[in-house]
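Participant: From first to last, the protein sequence lines are chains A, B and C.
Every letter in the first sequence is one number past the one before it in full-length UniProt numbering, and letter 58, counting from 1, is 58.
Every letter in the second sequence is one number past the one before it in full-length UniProt numbering, and letter 150, counting from 1, is 150.
Every letter in the third sequence is one number past the one before it in full-length UniProt numbering, and letter 382, counting from 1, is 382.
FYI, nobody ran anything at the bench for these hints, they're computed from the structure.
Fair warning: there could be bad hints in the mix.
A pair counts as met if it fits within one copy or between any two copies, since identical chains are not told apart.
Derived pair list, reagent style BS3-like, types lysine-lysine, alpha-carbon separation capped at 25 Å [said to hold, decoys possible]: (1) Lys259 - Lys74; (2) Lys411 - Lys58; (3) Lys221 - Lys74; (4) Lys71 - Lys259; (5) Lys58 - Lys143; (6) Lys411 - Lys60; (7) Lys71 - Lys60; (8) Lys71 - Lys221; (9) Lys71 - Lys143; (10) Lys143 - Lys74; (11) Lys71 - Lys58.
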Amino acid sequence: MEVANRLVAETRDQVDQAEAPPRRARPWQRYLEADLGLREYWYPAAHSGELAEGGTHKVKMLGEEVLLVRKNGKLYAVEDRCAHRGTRFSERPLVLSEDTITCWYHTWTFDLEDGDLRCILNEPGTALAGRTGVRAYPITEAKGLIFVYVGDAEPPPLEADVPASFLADDIVMHYAEPNVIRANWRLALENSFDPGHHFIHNWSQYVIESGFPMTFGYVAKPGEEAGEVKYVVDTTGPKGFSRCTRTTELIFSAVIPGKDGRPDTTYTAPAAVGRSHQELVDAFMAMPPIDVGIWLPSCNETVNFPSDMITYDWLVPIDENTTRSFMIGGRVCATEQEAADWRGEVGRVEWREPAVEKFLVDDNAARESMQTFYETENGWDRERLYRPDLEITMFRKFFSEHARAIQTPDKLVAPRSRRNPTRGRTR
Amino acid sequence: MEVANRLVAETRDQVDQAEAPPRRARPWQRYLEADLGLREYWYPAAHSGELAEGGTHKVKMLGEEVLLVRKNGKLYAVEDRCAHRGTRFSERPLVLSEDTITCWYHTWTFDLEDGDLRCILNEPGTALAGRTGVRAYPITEAKGLIFVYVGDAEPPPLEADVPASFLADDIVMHYAEPNVIRANWRLALENSFDPGHHFIHNWSQYVIESGFPMTFGYVAKPGEEAGEVKYVVDTTGPKGFSRCTRTTELIFSAVIPGKDGRPDTTYTAPAAVGRSHQELVDAFMAMPPIDVGIWLPSCNETVNFPSDMITYDWLVPIDENTTRSFMIGGRVCATEQEAADWRGEVGRVEWREPAVEKFLVDDNAARESMQTFYETENGWDRERLYRPDLEITMFRKFFSEHARAIQTPDKLVAPRSRRNPTRGRTR
Amino acid sequence: MEVANRLVAETRDQVDQAEAPPRRARPWQRYLEADLGLREYWYPAAHSGELAEGGTHKVKMLGEEVLLVRKNGKLYAVEDRCAHRGTRFSERPLVLSEDTITCWYHTWTFDLEDGDLRCILNEPGTALAGRTGVRAYPITEAKGLIFVYVGDAEPPPLEADVPASFLADDIVMHYAEPNVIRANWRLALENSFDPGHHFIHNWSQYVIESGFPMTFGYVAKPGEEAGEVKYVVDTTGPKGFSRCTRTTELIFSAVIPGKDGRPDTTYTAPAAVGRSHQELVDAFMAMPPIDVGIWLPSCNETVNFPSDMITYDWLVPIDENTTRSFMIGGRVCATEQEAADWRGEVGRVEWREPAVEKFLVDDNAARESMQTFYETENGWDRERLYRPDLEITMFRKFFSEHARAIQTPDKLVAPRSRRNPTRGRTR
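Please model the entire structure based on the sequences and the hints provided.
Facilitator: Printed below as a string of structure tokens:
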């Protein structure tokens, strides 16, 4: 709360300036440099089901091309680029022993654990063995997701990089299809936590069908921003923010002032027409309180929407302009039968259809709608923020202070690290 | 005539040099910088029919993205990019009061007349109101076209920027579909006035069907260039050029000299084979005289082709490499019935089919045929002009002397001007 | 042999270094600059059948756009770009006399032999005649291919730039369709001569159907590299290399050493499973010996595969990232009937199907698999070579010493040369 107060104070000035000079140093400078995401973090790379026993799966994340392998029950992740002449292993993946990958072009064969060149089939006894290689990545699996660690240091436990609720024993997951968003990961992530964005959901099919209008934004009452937002540190360090939507201002209609003496216009959310403000507030308060969190490196967590479940939306950078969204619906299940139902038809009907297909997909259009401005029109300098962006800029500042490292283009071509990581840990 | 003489004299030298050093400063330097067109001019943005009452229409012109709005009979044009975070209004245009546009993402609401931020639906009483905004453009409508003024100064009357004939009370317009040309606007415009380009129309369907050959070019007789070209100034200032094709040299066949003692080859336009030169000249002189004009900022006007009508071809820059062509056929009509017929079937049969679909569309291939050279092969430096290009270079020089301003890339990101323009004038 | 010894010695060091500093000057520096191919060489431009009498054919080679013309039995090649304003002649080629090309836009008419401006149809008596023009290229035809000389010097005889066998009187050609490869020409050419690449053909349909396994690479026995590779100079100068696969090490299975005390894994080529090494070696030795050659500027020649025939694979740069492959199967024919059969069904069944469609096409995937690395990931600096690459680096060094000239981007926009070449020579 104290930290939140400080962040509020430090960032409010920035936001409230009506005419910020575009080149002035911002308190979230480091965030601006993170086009490719954060380094030294665990990120989801694939659903468990995308990588069968004996199979491979290629994925691009944070600008790096990675080949995932599952062999004899163990997981491996290596750079998908032969050290010899750059051919991608994934074009014809050859796992010819229990722990190697062989390049289909010139037979260079690499250790899947540490990436070292093990041997070359057409040059027995090569002097290069152990003297060159490809990158290897720590990899683990939990709750039906495969996580890869992108970094050079010894990885922390997975717990450090996922929301606390995610690894609880009694929570069961239902998965939506991974989704590719044509926007930088920061634009996608900010949208997920953005208190001012809810206006768009007045046109979401879920809202239209339920007949319950969305507030125009879960915007904190002036002066109460710090109370609204919880700054979260757990045993593994600072993790992110969480916000309860319960105490924000609820707005279902607004006045557009007339000009030059012409009358004002009142605009009311479509589903709110004909209903009193108090009636809507009462109905809203009768629903379970929705909490929204944002966690390093790039996970959004929404609790209690549309009912007793948690939605995780992991937004993993593919490259500077594209993001993969892993959406997962979790519910606490008491029995094996409940768990099986949730993974199947119940999860589909109660979570995937209402929360994802009829609601959250609409955020993708919003995320993508900012991309041109930020990608080609100098948006990070030209953006003009407003008070509800305070929570976004708090996150930017938090990020700039606490991110372990930033993924930069030079990292993509740097020589591989020789770290020998623990890997293959499976839950 | 005096000005024309001077321009002829000043530019002929330039053209006749066989080996112009490629980097030498040219008398039309300013023209070379106008990749994006001219600034401080009225341009057609859309057909009136593309913008219905209560509707919106987005258009890119001179590199700027503009949203057109018609509300309660009034016209508005604003920058199609929210001042907050760059979202395009046009993705879900929300005109929630009589004179505002609301961004569908975060509810920022802008005055359609001057672009100022009026209010924000989810932050009542925002301190930003009136302190930020988007660009607003003067807009007007005439003869079935919507015109937008791109510039920062107070706009002149529309009369200043259209051919004199266009606004006459008794002229009635028939419209062809707007056409996107994959060429810079200067290549498109030069083609329309180019005395040397008519050779291509020997393959136009109209010429083949009519059986009347095209001259290889409406090229002035040597020494008579200045007499050929009328320099036009009206009460609003210098406007452009006009040329009568009647007194040019008519060429329906030409000799290709043989080499090393081999015989000459005479090439005759397909439709001219078997007919005497005098016969063709007499037939040509019996037709109404065709006048071709070129007007600032980028309109071509052709009078009396194929019969008693005027064709306007407005070539509006979309961006550096693409141009929108608005083609309009005008005819003086004495009665309402004549006017209705011209707008309908008569205009289609007598103008759109013969003049556009069977003739002028062939110019688009010619316009696009130069684009690679000028876009990627340094064409503006490497071009080698010849005598018939004199009228083009006169225009380039005229343009460099008289264009009010040039649209440059920095204008696309400059802060909006705070001008409060007259707008909504409708004819 | 002496030269081969020297090249082996000079390049082996380079190859064997396990950690070559990436920026160090390499002995094949000039090769690295040849993105667009070699200059001052004859290259195949088209099949004879692609250019009919009276017709034209446009082709891009070494970054230059060239128009081929066949008129009255003579061949011509000129720059496909009008000297006036850059229009491509090929969009509507007009050969209006026996030896000229006329631009369809403004009637500029060029001499097909030397490229000079001959006349302009709509400006009789132009002063520019003979004072400007387009490039003209020496052109000739042999064995069903049209060759164009790209360079400024007087061209050597065609014999200098093709494999010696190609012009023999009794060899008859069967043609495959030209093929566009999405890879730089050097990656394509190196693949064709690469002793380490044969592993990929264990998955080729021809090998699967024949049941005879491919060795993992035709890799020379250590210390015998120089004996393996013949350096070829003929009367016209240094031409390239040739290698007999007969004396290389044959490898049909290899051991992948186990790690941390785990057992080794032996991998055997699919078709070799259950057959002894000696049995396979004996069978291989009973087949005719295969010779592979690589010739300046960019031709691969394979003798005796799959039986008594020669495969030529000319890899002609289109631009920096694309290569056209002309594949031709030659067989010595004793009678006209044999020749006719080879050109038709016999060539299809005995050469095109087994050698091309069921075998060599697989090399295109390998060639393209390196392109991303070399085009966008600094591959020429990051590649890590190994001993079997010795023959490739010998070629690179040979190339750097003997290539007549390199095609560079500035050559593409340089003024045309005024050389008056011998051309139209037809075999």
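Participant: Which of the numbered hints are not met once you compare them with the structure shown?
Facilitator: 3 and 8
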